[in-house]
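Keeping their order, the protein sequence lines are chains A, B, C, D, E, F, G and H.
For what it's worth, full-length UniProt numbering labels the leading residue of the first sequence as 1, then goes sequentially.
For what it's worth, full-length UniProt numbering labels the leading residue of the second sequence as 1, then goes sequentially.
For what it's worth, full-length UniProt numbering labels the leading residue of the third sequence as 1, then goes sequentially.
For what it's worth, full-length UniProt numbering labels the leading residue of the fourth sequence as 1, then goes sequentially.
For what it's worth, full-length UniProt numbering labels the leading residue of the fifth sequence as 1, then goes sequentially.
For what it's worth, full-length UniProt numbering labels the leading residue of the sixth sequence as 1, then goes sequentially.
For what it's worth, full-length UniProt numbering labels the leading residue of the seventh sequence as 1, then goes sequentially.
For what it's worth, full-length UniProt numbering labels the leading residue of the eighth sequence as 1, then goes sequentially.
Hints should not be assumed to be uniformly reliable.
Calculated lysine-lysine pairs in the DSS-like style (CA-CA distance at most 27 Å, straight line) [unchecked claim]:
1. 146(D) - 146(A)
2. 99(G) - 30(E)
3. 6(E) - 30(D)
4. 99(C) - 30(B)
5. 6(E) - 30(G)
6. 6(D) - 133(A)
7. 146(D) - 30(G)
8. 30(E) - 146(H)
9. 133(E) - 6(G)
10. 30(G) - 6(H)
11. 30(H) - 146(B)
12. 146(H) - 146(G)
13. 212(E) - 107(B)
14. 99(H) - 6(F)
15. 99(E) - 6(G)
16. 52(H) - 30(D)
17. 99(D) - 30(H)
18. 146(A) - 146(F)
19. 133(D) - 6(H)
20. 146(C) - 146(G)
21. 6(A) - 212(F)
22. 146(A) - 99(D)
23. 146(D) - 99(E)
24. 30(H) - 30(G)
Because the hints were derived from the structure by calculation, they are not lab data.
8 protein chains.
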Amino acid sequence: MANANKWMIDPDDAVMLLIDHQSGLFQLVKDIELPTLRSHVTALAKVARLAKIPTFTTASVPDGPNGPLIPEIHQSNPDAIYIPRTGQINAWDNPAWVKAIEETQRKTLLIAGTLTSVCMSFPTLSALVAGYKVFTIVDASGNWSKMATDLTVARVAQAGAMPIDTYAVLAELMGTWNRPDAMDFADVMVDHIVPPYRALMESYDKAQSVQKVGRETKLDRLETAEAKK
Amino acid sequence: MANANKWMIDPDDAVMLLIDHQSGLFQLVKDIELPTLRSHVTALAKVARLAKIPTFTTASVPDGPNGPLIPEIHQSNPDAIYIPRTGQINAWDNPAWVKAIEETQRKTLLIAGTLTSVCMSFPTLSALVAGYKVFTIVDASGNWSKMATDLTVARVAQAGAMPIDTYAVLAELMGTWNRPDAMDFADVMVDHIVPPYRALMESYDKAQSVQKVGRETKLDRLETAEAKK
Amino acid sequence: MANANKWMIDPDDAVMLLIDHQSGLFQLVKDIELPTLRSHVTALAKVARLAKIPTFTTASVPDGPNGPLIPEIHQSNPDAIYIPRTGQINAWDNPAWVKAIEETQRKTLLIAGTLTSVCMSFPTLSALVAGYKVFTIVDASGNWSKMATDLTVARVAQAGAMPIDTYAVLAELMGTWNRPDAMDFADVMVDHIVPPYRALMESYDKAQSVQKVGRETKLDRLETAEAKK
Amino acid sequence: MANANKWMIDPDDAVMLLIDHQSGLFQLVKDIELPTLRSHVTALAKVARLAKIPTFTTASVPDGPNGPLIPEIHQSNPDAIYIPRTGQINAWDNPAWVKAIEETQRKTLLIAGTLTSVCMSFPTLSALVAGYKVFTIVDASGNWSKMATDLTVARVAQAGAMPIDTYAVLAELMGTWNRPDAMDFADVMVDHIVPPYRALMESYDKAQSVQKVGRETKLDRLETAEAKK
Amino acid sequence: MANANKWMIDPDDAVMLLIDHQSGLFQLVKDIELPTLRSHVTALAKVARLAKIPTFTTASVPDGPNGPLIPEIHQSNPDAIYIPRTGQINAWDNPAWVKAIEETQRKTLLIAGTLTSVCMSFPTLSALVAGYKVFTIVDASGNWSKMATDLTVARVAQAGAMPIDTYAVLAELMGTWNRPDAMDFADVMVDHIVPPYRALMESYDKAQSVQKVGRETKLDRLETAEAKK
Amino acid sequence: MANANKWMIDPDDAVMLLIDHQSGLFQLVKDIELPTLRSHVTALAKVARLAKIPTFTTASVPDGPNGPLIPEIHQSNPDAIYIPRTGQINAWDNPAWVKAIEETQRKTLLIAGTLTSVCMSFPTLSALVAGYKVFTIVDASGNWSKMATDLTVARVAQAGAMPIDTYAVLAELMGTWNRPDAMDFADVMVDHIVPPYRALMESYDKAQSVQKVGRETKLDRLETAEAKK
Amino acid sequence: MANANKWMIDPDDAVMLLIDHQSGLFQLVKDIELPTLRSHVTALAKVARLAKIPTFTTASVPDGPNGPLIPEIHQSNPDAIYIPRTGQINAWDNPAWVKAIEETQRKTLLIAGTLTSVCMSFPTLSALVAGYKVFTIVDASGNWSKMATDLTVARVAQAGAMPIDTYAVLAELMGTWNRPDAMDFADVMVDHIVPPYRALMESYDKAQSVQKVGRETKLDRLETAEAKK
Amino acid sequence: MANANKWMIDPDDAVMLLIDHQSGLFQLVKDIELPTLRSHVTALAKVARLAKIPTFTTASVPDGPNGPLIPEIHQSNPDAIYIPRTGQINAWDNPAWVKAIEETQRKTLLIAGTLTSVCMSFPTLSALVAGYKVFTIVDASGNWSKMATDLTVARVAQAGAMPIDTYAVLAELMGTWNRPDAMDFADVMVDHIVPPYRALMESYDKAQSVQKVGRETKLDRLETAEAKK
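Please model the entire structure based on the sequences and the hints provided.
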């Protein structure tokens, strides 16, 4: 099996954890553009569903200024399960959270959380001690300073977590273009991770259309010059 | 009338010109993020329609690597009119283009074009000589280098054009929140110009909901602490 | 009189206008750090009071996600007057606003507003047409993008406004250190504009204290080495 | 117990060491804004007190241009103990310093120091050799160049120290929102670490107030438009 | 005639002046990447020849560390004439230089020079006083600091020069794609100004080739998925 | 033997793998300038040939918008072998690819791939598990975001790969200037890695020429001043 | 005469004004590196002396934390005259200052001052109103924020001052390399403005020495390879 | 002994290696300002002499465009020994180099080299394999790109080298301010590493002088205001 590799994600052993992606906390994020962060989180929600990966969400004190969970997570992944908590900063300190994960009987965790320094980092460190293999998706997390993110990546890597980006998560879960739902993965990639890709597709279609149905622009001299090449 | 001001846009005298926003040329843009540029152009297309401003588009050699016009312009503004040209770099060198503008009998031009140095700049300079009042929408244009954009802004300002950003165009055309279609303008603003605004709305709704229907989180000590304040 | 200079501010002819500095809008600001912006606005509120300059504030739709005026403005300057408006984007479109300014019989306006492109820019352009001399305080304004700020500065300067920074406003209103309230101005400067200045004062006081009361560190060799110089 | 985790901080085993945060040295700092650095150091002083963590400070040749310790450390944490030294660059070379730490019988050190390359780094490396578990709080340290900070983080991590940011320290010591002094921790966070959070609270309160006491702005059309939604 | 516009370049009235583009001076350049600068200068040399514009070069003390003129200028434009000077810093102080320009009987000067602050700026200011229309090509000049470039642009613009970038020069001289030598201009653009354009051409050709000769990749499922769209 | 060092490259044990350097994918690259990336890839192709290192290329779905392999790889290295694949994202999942590498009987892999997060990273992780020593050439790869590159470097280094830059690869393969083909390596370095080096050579040649054939500039006073030194 | 040009500096009509370059104020500077600023100010002091330009200095409250004038100004230019002031923020408000300038009977002022927004800007605006021609040397001034510098440049340019950089000042005052003291000007340039120039001179001398006295490195193969070229 | 610490430098076991700091190669450096790099290298040369550390230099093909060793190294440290080499890129491949180091009977190497990727990195990797403890002084090295430096630091750290900055080297070798030559170390620090420190000393001396000899500025009101405090 392609991904039976200790440094890579086995989709059949993975759980997606999306922690504290809340509208208020998002206003504090300074290491990534806010719309980009929202897109990456949405990508993870969608791709988890495509790859049939159990997905859990939670929020920290959402009734106060931290604000509600951004709605697109559960809209994009109706199978995701929200697990409320009672004030714990580290989601892993909530027994219901740990129990939900244990019941999946999977041992690979894909973790994103806002703020990275705290909401992504603490559950990561706890899960590592509990024996899980952890991938921390840093560009779907969002932190209060760039320096804090750099420090957090160094910290969790030192503890054994594997840092990863959103595109790599999608690509590892997808594995090959030669599968029936390849276009569904591709749509997530284009819509939420690399939107400039859309211009490539438009240019590609236009080039083929010129070949098929001819030029739109009347430009005699140019065509002559090209013919001479 | 509020905007009867020589430094501001009079919506009833304005024409929107969206020049050479093509998928291939977009790959050369380096002074603004590509998805941001696409969003700003879309915002202009939509807001021109809301403000009932005649809108013209054109493209430079779209059959070749420059690529096709991005589709969302005409999708967002079905009233916009596409005027093909026959190789001229400066759209103003195309008599059909000038004629279309003259027939509107309006004298204020809102111009965005990719690349800024050329496709926005040349028609701007021609229009100024022809006696038009020109607003150049630089952050809906896109250029091949940041330095080139700075030079272009200095150049067109020296010639008398007024540089402006996409948000200001929207706000000048809208004028007041106290109009029936205010929410339509607001949707354009949130969807295409300042997407972080959406998180503000979500937080706002949640805060009101807590007031109306109560807290979701069970957090006794916190509530006690707050009560003591 | 020192400031009777058409390029400078005459404190006796000036009005301070602080427009739409609201908690929600502040979340959209990307051309200046948010705490810095708050500090600059506070500095203006305080310095206007020290210089006995009439000060007016207003807010755009503060009941919605734009949020309330930041409280430190009126806390710092109890003489400031809040003038509500009824949906107009350009504060100058509100007759009550224009009337308040006219009644001061002053012709020099110091304008800061969030967002710069709109809330600072539009009243500036209107006031210029109405014959006022306008100083736009750009680093006490806050805008949705750096590019938009650069464009706005070019635009208002082209229309005749004079761009200025918060420190220069304070220094022009203060004029000389040889006045009874010099330390009050200095406190504003240190607390809200150049906080690193505090370390200068601490180092200065320590150096004098060493001269007066002797060294704290027991470091025999160093003193010997110095004696040899 | 939640934090019994070798990668995390156990508040009951921790000592806070704030080294050489002096007004003169602060003028050399180039990897972080000076007011931000002062705020982070103050946050650590306060949070150490809230979490009842023994705190020691020291200074390097404070009688000379290095300048005095910034006063807010001991003002914010009256329990902190200042331990002078006699010229040693590495605070760990001062026997009184090591003895004070040993007498706490705690084995986890939280270290911040200016300059990071020297005053934070050297005691860290000494403490690791002496068998302590060390967290280096890099964004409460301050260094003479960004490159030097990056090199120092790599160096101390290689030696076994765990890099961390100020927010994470606060959150690990706090642990949960469900404790009587939660608001005290929150005040430190808002006042000294993420000041933009204050705007979130203001917006939140306003949104609830609108719900409770009604709108302030008279804006008939907007309300109608909203009603139609 | 399209370009008979006082803000634009008339190719039939233009002279190209390339001043002090020397290998030693290039090592001092910090406002633009060195290979980029070399490419832009080469583009100007080539495009001047294509547009039949008289071109003059000179060098400042090339026998010393300033170094020789970069060879590609005269290699790319054999018609360019080198005019040595005898120590004058401002090329305009050399009577032979002024005479050569006067003899062209053209009144529009396109000026690039290294360093921008001096070698581009001084002849520009002299030529403006002498009644010429001057375009300063800032991104083909190269300066010792970015701040110095910004100041120089402000200075020469204030004196009446029109700042411009290399791409705009090429496009104004070219005028239309509908001319026999359009591909020669295009080659200069792709080879020396926007090299990423080459990837657009490669992708374009591949897309047409797939349409003409079929797919290279054997990927059954993808094709099926596409067919379903 | 000089390079018999586990941390360095042994040219006789090395294989060069250039993965998915395609014109469409290149448009997504944001961590390095596109022309720079193309140059680095070309340098690797050339230097592999000079050092007689087996070289394999592949492409991901080149018939679609990903676009064709950039042509200069095989033009620069006619010995390179292209191995098509059938949709696998990870080139290592293609048995033909693994077999080609195994047949070289070499155990050191030099890997560059676009996008770094996926096309460079996945084969690297697979090769490490398969027992190869891997050098990942990050500045000849190209990724969709700078943050993603940083995360990928951390990830592959954690798994045991050695990150390296293009210049170091060339220098390790070259080993000494004292070899017959030293100038061939030097040409690759100057043409594709450090183009500013060309100006050094030009200045060097000019300085020697002045010594040999005398000054070109007539500058009497300067020579006098120098004589006095 | 070469510089009889209204946009340029006439050395025989110029006065150099160096205002408030004080050790304490320098700690507030954030728009330019501090050692660079010191070097530029020193360059101006030296070059004023070489060009026999009257030079005046002053300081703002130097007994307090603003600190003393940096010593190298008067060390480098013993002819400079220090004019104390009695608290005025704008040096032009000090009658002794204005009188000293008037007595030179020169009408061109070269002004640098720390902080740019205040100490450079205010005397500039006063001098313009008094009828002087003013060059503001922005990169020898130093300001509390980059944004404030940009605003100040726009402000003083709008009032008629000509922004300039330190290198351009030196070059305009020098005029030609063909003068007896050319090397003295060159020394200032290399020592204080473009220190990388020194490496050019070293490389130049080495290249000539190799030509004169032969190679130092024994490298037979390389020489052979070169011979074959 | 204070520094008997495996993570720190023992001055009595250290050798300083300064490799290929040549005027031509310096022109390629892009990860650090050139004057800063020269200063750091000079600092190392001086501090090695103060600490009585054997110092060796070498150069790569200095007769060609790489240029000569910068002269200040041997000027600052007359005890340093230059060891020529015959074309080897890795200085460790030169037996004379290795022999010189072995004869010192010291096992800790402090290595700086230009370019970092090659001239610092290769000898570092060789020395590690040979059993030395290596500190790589990255900010006294200089590299052709920032990305290449980051990759090199990751590479050598992975191999076991300890990255360090110039300031930390000085401070570790100095150890304490309480030594007879403390001021000599301090001079190196101020002159070559943190030049802004000089302003601290000037301000310090002025503050003491005001205390000793009284104020220079006549500013009655200010003094009164201060007295009231």
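Problem - Straight-line alpha-carbon gap residue 52(H) to residue 30(D), limit 27 Å - result: 31 Å, violated
Exercise for the section: Below or equal to 27 Å on CA atoms is what counts here, so check residue 146(A) against residue 99(D). Expected result: Since the Cα atoms of residue 146(A) and residue 99(D) sit roughly 36 Å apart, the hinted pair is violated (cutoff 27 Å).
Exercise for the section: Verify the proposed pairing of residue 6(A) with residue 212(F), using a straight-line Cα cut of 27 Å. Expected result: 65 Å, violated
Problem - Agreement of residue 99(C) and residue 30(B) with the hint, judged by alpha carbon distance not exceeding 27 Å - result: 46 Å, violated
Problem - 27 Å Cα cutoff - pair residue 6(E), residue 30(D) - result: 48 Å, violated
Handout entry: Pairwise hint evaluation, residue 146(A) against residue 146(D), where the allowed Cα distance is 27 Å at most
Key = 13 Å, holds
Exercise for the section: Sort out whether residue 6(G) lies within 27 Å of residue 133(E), counting only the CA atoms. Expected result: 16 Å, holds
Problem - Satisfaction of hint between residue 30(G) and residue 146(D), Cα-Cα up to 27 Å - result: 15 Å, holds
Handout entry: Pair hint outcome, residue 30(G) versus residue 6(H) [Cα-Cα no greater than 27 Å]
Key = 39 Å, violated
Problem - Hinted pair residue 99(E) and residue 6(G), Cα distance within 27 Å - result: 22 Å, holds
Problem - 27 Å limit on alpha-carbon distance, applied to hinted pair residue 146(A) and residue 146(F) - result: The hint holds at about 13 Å.
Handout entry: Restraint status (C-alpha distance of residue 146(D) to residue 99(E) at most 27 Å)
Key = Status violated; Cα separation ~53 Å.
The structure is inconsistent with the numbered hints 2, 3, 4, 5, 10, 13, 16, 17, 21, 22, 23, although it conforms to all the rest.
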